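Undergrad: Sequence:
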Amino acid sequence: MLVLDFINVGNGDSILVREMEGDRPCFSMLVDCGHDSLERDDHPPVEDARSCRIYAGDFLRKQGVEHLDLLLVTHFHRDHIGGLGRVLEAVTVGELLTPYAPPADAGPLDPDGDNGLPKAARNVLRCMDLYAGPLGKHRHRIRKITELPGDRMERLRLTDDLSMDILFGEPALYPRQKAVYDAAFRGERNGYDLIHWGKAMNVSSLRQRLYYHGREIVLGGDAYAHMWETETATPCDILKVPHHASLSSTTRKLLRMLQPRTAVVCVAAGRPDERPHPYIVSLLREFTEDIRFTDAVEIPGLVEPVFHESVHMELP
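Residue numbers for the sequence shown, in full-length UniProt numbering: 1 to 316.
Simulated from the structure, these hints should not be mistaken for lab results. It is possible that part of the hints are untrue.
[What the hints assert, rightly or not] Derived pair list, reagent style DSSO-like, types lysine-lysine, alpha-carbon separation capped at 30 Å:
no.: 1; residue 1: 178; residue 2: 119
no.: 2; residue 1: 137; residue 2: 199
no.: 3; residue 1: 119; residue 2: 144
no.: 4; residue 1: 199; residue 2: 119
[Unchecked claim] Across the chosen pairs, the derived CB separations fall in these ranges:
no.: 5; residue 1: 274; residue 2: 159; range: 35 to 41 Å
no.: 6; residue 1: 144; residue 2: 61; range: 20 to 26 Å
no.: 7; residue 1: 159; residue 2: 62; range: 45 to 51 Å
Since we're looking at a predicted model, the values are computed, not measured. Ideal Cβ placement from N, Cα and C applies to all residues, glycine included.
Working from the sequences, and respecting the hints, build out all of it.
TA: Okay, here's the thing in structure tokens:
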């Protein structure tokens, strides 16, 4: 049985994938780690006592997960890697799959120091600090780190019954990403490069397609629809809607290609930036009535709030 948990980390993504043999997992993978805070200071505070938001690391502990065979990082926005420290405090990791591995001797990037950088450039450094810092501190808890080159699709046989394709954006993005971050760790502070890479971060987001007993699960990361709606995409059973169902996340063309039976939106309730966007929710409804949200999203006339720690699915 394949068990999927789209964890309610509030703002961000963290998805636990386990193949079970009876009550015990024979394979465990986490895709992204959520945010480093359950409440963002630029979002409304959570005032409902029924809220079930939980850090990814705490969710793993509650589930009794002590080891991950794979930890996959899609990209380096704070809402995807901010929870890495808590995750590595909770589990050991067989292999980290990442589009960028910091230097082994990487020191702190000090995004809030006296560096003369604009806010957008500091934010790029801050996100990388939230990733590289825990990697350095907990390196002994990760057996292997694999930097994915991004110039080809990666096809992995995870178990006898479960396989995964890892798909990338434009191949030229990943050498550029490496150059920008390597320069930052060398102490170079090029605000122009950092700001422009920050704008490209979602475009570089990895996507995954899982195959299990004839079912297909698409995890869209934060990839905008225009990146992959021209590719050959086959219908899927479950779609993790890209980029928190923002207006740029999905198009009718892409959904016609994917034909999802179930759509899952990883998003914080009450976001002030129309994520999920009501139009995208209505568009998803044209293809499936089974739309689930990690947090207790409420859109009058469209979505009623559901309180849970994860969107939990079991596929025999």
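Undergrad: Would you mind marking each hint as holding or not holding in the structure?
TA: So, going through the hints one by one against the coordinates:
| no. | hint | result |
| --- | --- | --- |
| 1 | 178 to 119 | holds, 21 Å |
| 2 | 137 to 199 | holds, 28 Å |
| 3 | 119 to 144 | violated, 34 Å |
| 4 | 199 to 119 | holds, 13 Å |
| 5 | 274 to 159: 35 to 41 Å | holds, 39 Å |
| 6 | 144 to 61: 20 to 26 Å | holds, 23 Å |
| 7 | 159 to 62: 45 to 51 Å | violated, 24 Å |
The structure fails to meet hints 3 and 7 from the earlier list, while all remaining hints are met.
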